[in-house]
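*Asks:* Model the full structure from these sequences, guided by the hints.
Using our numbering, read the sequence shown as starting at 240 and increasing by one per residue.
Simulated from the structure, these hints should not be mistaken for lab results.
Heads up, a few of these hints could be off.
[As the list claims (entries may be wrong)] Distance condition first, Cα-Cα at most 25 Å in a straight line; then the derived PhoX-like pairs of lysine-lysine:
{"hint": "1", "residue 1": "LYS482", "residue 2": "LYS284"}
{"hint": "2", "residue 1": "LYS417", "residue 2": "LYS430"}
{"hint": "3", "residue 1": "LYS283", "residue 2": "LYS306"}
{"hint": "4", "residue 1": "LYS482", "residue 2": "LYS600"}
{"hint": "5", "residue 1": "LYS562", "residue 2": "LYS306"}
{"hint": "6", "residue 1": "LYS426", "residue 2": "LYS518"}
{"hint": "7", "residue 1": "LYS423", "residue 2": "LYS482"}
{"hint": "8", "residue 1": "LYS410", "residue 2": "LYS430"}
{"hint": "9", "residue 1": "LYS283", "residue 2": "LYS410"}
{"hint": "10", "residue 1": "LYS280", "residue 2": "LYS306"}
{"hint": "11", "residue 1": "LYS280", "residue 2": "LYS482"}
{"hint": "12", "residue 1": "LYS280", "residue 2": "LYS317"}
{"hint": "13", "residue 1": "LYS410", "residue 2": "LYS482"}
[To be verified] Pair by pair, the computed Cβ-Cβ distance ranges are:
{"hint": "14", "residue 1": "ARG535", "residue 2": "PRO413", "range": "18 to 26 Å"}
{"hint": "15", "residue 1": "GLN743", "residue 2": "PRO682", "range": "29 to 37 Å"}
{"hint": "16", "residue 1": "GLU327", "residue 2": "VAL754", "range": "52 to 60 Å"}
{"hint": "17", "residue 1": "GLU534", "residue 2": "SER715", "range": "38 to 46 Å"}
{"hint": "18", "residue 1": "THR302", "residue 2": "MET648", "range": "51 to 59 Å"}
A quick note: this is a predicted structure, and the numbers were derived from the prediction, not measured.
Ideal placement from N, C-alpha and C gives every residue a C-beta, glycine not left out.
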Amino acid sequence: MVLSALIRARPNYVARLTTGISALGSPRKLATSSATPPKTKEFKKVMVANRGEIAIRVFRALTELNKTSVAIYSEQDKHSMHRLKADEAYMVGKGLAPVAAYLSIPDIIDVACRNDIDAIHPGYGFLSERSDFAQACEDAGIVFIGPAPQVMARMGDKVAARLAATESGVKVVPGTEKPVTDVKEVKEFVKEHGTPIILKAAFGGGGRGMRRVDNEKDVEESFHRAYSEALSSFGNGSLFVEKFIERPRHIEVQIFGDNYGNIVHLYERDCSVQRRHQKVVEIAPAPALPPGVRERILNDALRIARHVGYNNAGTVEFLVDRKGNYFFIEVNARLQVEHTVSEEITGVDLVQAQIRVAEGKRLQDIKLSQEGIHVNGCAIQCRVTTENPALGFQPDSGRIEVFRSGEGMGIRLDSASTFAGSIISPHYDSLLVKVIAHARNHPNAASKMIRALREFRIRGVKTNIPFLLNVLQQPSFLDASVDTYFIDEHPELFVFKPSQNRAQKLLSYLGEVAVNGPTTPLATKLMPAHVSPPVPTIPAGQLYA
240 MVLSALIRAR PNYVARLTTG ISALGSPRKL ATSSATPPKT KEFKKVMVAN RGEIAIRVFR
300 ALTELNKTSV AIYSEQDKHS MHRLKADEAY MVGKGLAPVA AYLSIPDIID VACRNDIDAI
360 HPGYGFLSER SDFAQACEDA GIVFIGPAPQ VMARMGDKVA ARLAATESGV KVVPGTEKPV
420 TDVKEVKEFV KEHGTPIILK AAFGGGGRGM RRVDNEKDVE ESFHRAYSEA LSSFGNGSLF
480 VEKFIERPRH IEVQIFGDNY GNIVHLYERD CSVQRRHQKV VEIAPAPALP PGVRERILND
540 ALRIARHVGY NNAGTVEFLV DRKGNYFFIE VNARLQVEHT VSEEITGVDL VQAQIRVAEG
600 KRLQDIKLSQ EGIHVNGCAI QCRVTTENPA LGFQPDSGRI EVFRSGEGMG IRLDSASTFA
660 GSIISPHYDS LLVKVIAHAR NHPNAASKMI RALREFRIRG VKTNIPFLLN VLQQPSFLDA
720 SVDTYFIDEH PELFVFKPSQ NRAQKLLSYL GEVAVNGPTT PLATKLMPAH VSPPVPTIPA
780 GQLYA
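*Replies:* Dropping the structure here:
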């Protein structure tokens with residue numbers, strides 16, 4: 240009975256199952272598939288195949304658009320906030336590891352089909368850049384809220400993305416023409432181009448599977464580490480080798496397109512403040528970027544996007560050297576963690592725009608045109624994580640005992656588990672809350688962010704707030720002269736003042752005085768009165784009465 244109902248509801252999906260959904264494989268096989276003609280369909284129920292703050296971010300957009308929000312959750316996430324925020328919620332990946340549950344394409348598609356889901360938003364991370372997931376949604380008759388599968392496959396393959404850039408007339412960093420799986424190929428590249436080089440996961444991003452190599456003798460060890468990390472993170476250990484650009488700024492352009500060939504940019508972001516290739520602070524627009532360089536980068540990002548027929552939200556990333564030369568590095572075919580700063584300076588709700596474009600609307604239908612997108616001020620995002628910077632950013636987990644956030648004009652908080660009593664899981668990413676400050680210019684935004692972070696009170700788990708405050712107050716950050724070496728070259732960023740938990744100190748003092756008496760002289764010259772407590776007399780013969 241269940242199967243017959245499923246056949247009637249999603250015939251394409253069942254056909255996919257009968258041919259073996261386990262065969263969903265390499266995204267590169269989809270690169271030659273034909274594009275699906277644009278269709279217009281109003282969504283009623285939308286699932287978010289993700290968790291945490293990004294799931295809640297999408298739920299809020301759905302609520303504002305008067306659509307039903309649907310969550311998925313793992314066994315370990317049964318008490319999570321994103322499950323409670325959605326209109327409906329369903330468990331996936333029963334018996335699987337915490338992360339594997341959110342990567343189980345058959346389970347997610349099955350739940351979506353059984354509950355009449357019209358579309359799936361992947362969020363970021365997990366399956367967000369998996370073209371086989373986008374294809375599985377399409378095969379099941381479910382709209383994937385993101386780029387088309389063939390576009391994701393091409394942009395997810397860093398070699399194919401580089402080729403698209405060169406075909407568009409955009410300069411790229413010297414690198415291998417295809418993914419490498421053998422350390423011998425890396426050694427050959429080093430012999431030709433020298434060091435430093437950088438190894439990157441060919442089918443993933445976010446700093447995972449990435450290693451810088453400065454000496455030829457370190458090639459083999461770095462290759463095996465990068466390969467292993469890429470394999471565990473993305474299911475494919477293939478690596479891409481590039482010549483490393485010294486002292487660059489990391490500049491990325493937010494692009495957005497509909498299903499009819501119309502595409503715009505929402506200006507650029509500076510993501511140069513990085514630790515181990517992980518972004519820490521993001522700024523929009525990029526401060527102190529020469530206007531001529533900005534204009535050329537924005538135009539080149541659009542040129543690449545048009546060349547590949549890009550649709551929905553995405554990011555085109557560049558490295559910019561001190562002379563203003565810039566090189567394309569990759570496209571992130573998804574919504575970025577730092578999309579918030581682009582939203583703040585342009586006033587465009589990117590998540591709502593994603594949903595409406597996926598329904599088949601044109602950019603003009605949602606009042607989105609290049610002429611109508613303007614920069615208003617500066618926005619900075621800080622990623623507050625449950626990591627202890629004093630112990631090498633060791634992840635922390637446990638129960639939040641006290642939580643008080645920074646607030647006020649120009650402060651935005653995107654979060655999920657930020658309340659007293661919340662349990663921080665050790666199984667997932669350490670992001671606790673994204674704090675976004677919006678002000679007239681870069682110095683004002685930094686000042687506002689510093690004030691907001693100082694207002695936070697979090698007890699029970701360690702956070703990186705002391706480190707973020709050091710970054711924001713560093714002179715080179717304030718004068719917008721940072722590059723990707725910024726954190727490595729400023730060891731003072733890791734010198735922290737002891738935290739002051741005033742409430743705990745007061746309780747400790749009161750307890751000490753109550754038990755042992757005051758430890759300091761009384762603040763008066765008068766001697767305390769000596770009073771002997773009266774002891775009641777007990778009549779003789781009644782002592783044991």
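*Asks:* Need the status of pair LYS280, LYS482: alpha-carbon distance at most 25 Å?
*Replies:* Distance ~46 Å between LYS280 and LYS482 Cα, so the pair is violated.
*Asks:* Holds or violated: 51 to 59 Å for the Cβ distance of THR302 and MET648?
*Replies:* violated, 24 Å
*Asks:* Does LYS284 lie within 25 Å of LYS482 when you go C-alpha to C-alpha?
*Replies:* violated, 46 Å
*Asks:* Taken at face value, is the distance from the CA of LYS518 to the CA of LYS426 at most 25 Å?
*Replies:* Roughly 29 Å separates the two Cα atoms, so the pair is violated.
*Asks:* Sort out whether LYS306 lies within 25 Å of LYS283, counting only the CA atoms.
*Replies:* Status holds; Cα separation ~5 Å.
*Asks:* Is it true that the CA of LYS410 sits at most 25 Å from the CA of LYS430?
*Replies:* Holds, because 22 Å separates the two Cα atoms, which is no more than 25 Å.
*Asks:* Please verify whether LYS423 and LYS482 have alpha carbons no more than 25 Å apart.
*Replies:* holds, 16 Å
*Asks:* Next pair to validate is LYS280 with LYS317; report whether the Cα-Cα distance is within 25 Å.
*Replies:* violated, 32 Å
*Asks:* Check the hint pairing LYS482 with LYS600 against an upper bound of 25 Å on the C-alpha distance.
*Replies:* The hint is violated at about 41 Å.
*Asks:* Taking the Cβ atom of GLU327 and the Cβ atom of VAL754, is their distance within the range 52 to 60 Å?
*Replies:* holds, 54 Å
*Asks:* Would you mind confirming whether the straight-line C-alpha gap from LYS283 to LYS410 stays at or under 25 Å?
*Replies:* Measuring from Cα to Cα gives roughly 43 Å; hence the hint is violated.
*Asks:* Check whether the Cα positions of LYS417 and LYS430 lie no farther apart than 25 Å.
*Replies:* Distance ~17 Å between LYS417 and LYS430 Cα, so the pair holds.
Consistency note: the structure conflicts with the earlier hints numbered 1, 4, 5, 6, 9, 11, 12, 17 and 18.
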